Structure formats: C-alpha cells, structure tokens
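Heads up: the protein sequence lines correspond to chains A and B, in order.
Counting in the working numbering, the final residue of the first sequence is number 30, and the numbers go up one at a time with none missing.
Counting in the working numbering, the final residue of the second sequence is number 199, and the numbers go up one at a time with none missing.
These are calculated hints, taken from the structure and not from any lab test.
The structure presented is a predicted model; accordingly, all values stated were derived computationally and were not measured.
Treat the hints loosely; a few may be bogus.
In silico PhoX-like cross-links for lysine-lysine, where the CA-CA straight-line distance does not exceed 25 Å [what the hints assert, rightly or not]:
no. : chain 1 : residue 1 : chain 2 : residue 2
1   : B       : Lys154    : B       : Lys168
2   : B       : Lys167    : B       : Lys155
3   : B       : Lys118    : A       : Lys2
4   : B       : Lys155    : B       : Lys168
5   : B       : Lys127    : A       : Lys2
6   : B       : Lys167    : B       : Lys154
7   : B       : Lys167    : B       : Lys71
8   : B       : Lys168    : A       : Lys2
9   : B       : Lys168    : B       : Lys71
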Amino acid sequence: MKNPLDSLGQTVGLGVILTVVVVLLIHVIA
Amino acid sequence: MELVSYEWWALCFRWLHILSGIMWIGHLWYFNFTQTPTMPKIPMELRPAISRFILPEALWWFRWGAMATIVTGLILAWMNGYLGNAIKLGIGDGNAKFTTIGFGMWLGTIMWFNVWFIIWPNQKKVLGLTPANDDAKKVAARTAGLTSRINTLLSIPMLYCMAGASHFY
Numbered sequence: 001m002k003n004p005l006d007s008l009g010q011t012v013g014l015g016v017i018l019t020v021v022v023v024l025l026i027h028v029i030a
Numbered sequence: 031m032e033l034v035s036y037e038w039w040a041l042c043f044r045w046l047h048i049l050s051g052i053m054w055i056g057h058l059w060y061f062n063f064t065q066t067p068t069m070p071k072i073p074m075e076l077r078p079a080i081s082r083f084i085l086p087e088a089l090w091w092f093r094w095g096a097m098a099t100i101v102t103g104l105i106l107a108w109m110n111g112y113l114g115n116a117i118k119l120g121i122g123d124g125n126a127k128f129t130t131i132g133f134g135m136w137l138g139t140i141m142w143f144n145v146w147f148i149i150w151p152n153q154k155k156v157l158g159l160t161p162a163n164d165d166a167k168k169v170a171a172r173t174a175g176l177t178s179r180i181n182t183l184l185s186i187p188m189l190y191c192m193a194g195a196s197h198f199y
C-alpha cells in the first residue's frame, strides 16, 4: 500500500482531518 | 499601553515568535510544496545547484527558525502567565484558550523535536556532513522526507490552534 505521506494532497487532507479531531478534543476538554 | 511596559515586552516576544515561525514554516512549506515535487523535473546536471547550494542554506534558516520559534513561544507563554496551564492542556481550568494554545504548543514542540532530532541528523548524512554509505544515505533521505511530510501535516492543526487561541477565546 502506498504511503499517504508520499502525496502532498493526501498529507494536507490528513492535516485538515486532524484539525477537526483537535477542534473536537478542545471542546470535550475545555 | 506604555512604551517599554511589561505588556510591550510581551508583544515584542509575540512579534518575534511570529517572525521566526514564518521563517520556520515558510521553509517547511517551501521544501514540501515546491522543492521536493519539482526535483524530479530538474535535469540531472542542474540538481547539484539545489542540493549543494540552496538546500544547506535553506536548512540553516529552517532549523534555527524552529529553535527561535520555540524559545520565543515559551517566553511569551511564561510572560502571559499560561505556560503551566497550556502544558497540561487546560485540563481542569475551564478555559478553552488554555486548551487551544496547549494543543498548539504540544504540536509545535513535536515538530521542533522532529526538526532537530530526526530531520537534521538525517539531512547531515544526505549532505555528507556525517559519514554514510549510499544505502544509508537513501534511508536517511527517506526518513527526513517522511518526517518533513509529518510536520507539514501537523502544521495545519498547529496553526489553527495558534490563531484560534486569540481569535475565539
């Protein structure tokens, strides 16, 4: 399987998904 | 606000933090958005211009930009009185600002660690600054490249937190 980090588009996509996860965590914790 | 007051010094460190952060992340994005995708298109005889002249210079500003960013960021958080709250992600504080800046600081700290303890030691092998055979150089280039991609990924939520901490809360 190809590493998603080899694709710049997939790297940015994963970054956006991680941002959503962080936003949810902030609202759960705070 | 008085000039040369405590608040002015805190603003000064915020300004230095932003300047050095742009120096760092600007170079990170240059590597990932411009240099790495363009390298295969550059004719072989021209590639040493990148690897021998541009890359060492860019890596210098990149890693020292990272160092200046974390130092000024820690001083800024300490001056603003929320360093401890941010380190524990604001748990138990009931203040979303501490949680938000805490996530930003932890993401930034992981990225700083990656620069100084994974990317730079491996790039030194690629550049021939530390001894390595051709196979070791290939592994080092792959490790540095993937870690640089991880930092690009992490920079997206990190910047959300940095902007969000003063924008929303």
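Against the structure, the hints come out as follows:
For the suggested pair B/Lys154 and B/Lys168, the alpha carbons sit about 12 Å apart, so the restraint of at most 25 Å is met. The hinted pair formed by B/Lys167 and B/Lys155 meets the criterion: a straight-line CA distance of about 6 Å does not exceed 25 Å. For a cut-off of 25 Å, the pair hint linking B/Lys118 to A/Lys2 is broken: about 36 Å separates their Cα positions. Our distance criterion of 25 Å between C-alpha atoms is met by B/Lys155 and B/Lys168, whose separation comes to about 9 Å.
For the suggested pair B/Lys127 and A/Lys2, the alpha carbons sit about 38 Å apart, so the restraint of at most 25 Å is broken. At most 25 Å may separate the alpha-carbon atoms for a hinted pair to count; B/Lys167 and B/Lys154 meet this at roughly 9 Å. The straight-line distance between the Cα atoms of B/Lys167 and B/Lys71 is roughly 21 Å, inside the 25 Å bound, and the hint therefore holds. The suggested pairing of B/Lys168 with A/Lys2 holds, with an alpha-carbon distance near 18 Å, which does not exceed 25 Å.
Between B/Lys168 and B/Lys71 the alpha-carbon distance is near 19 Å, which keeps this suggested pair within the 25 Å criterion.
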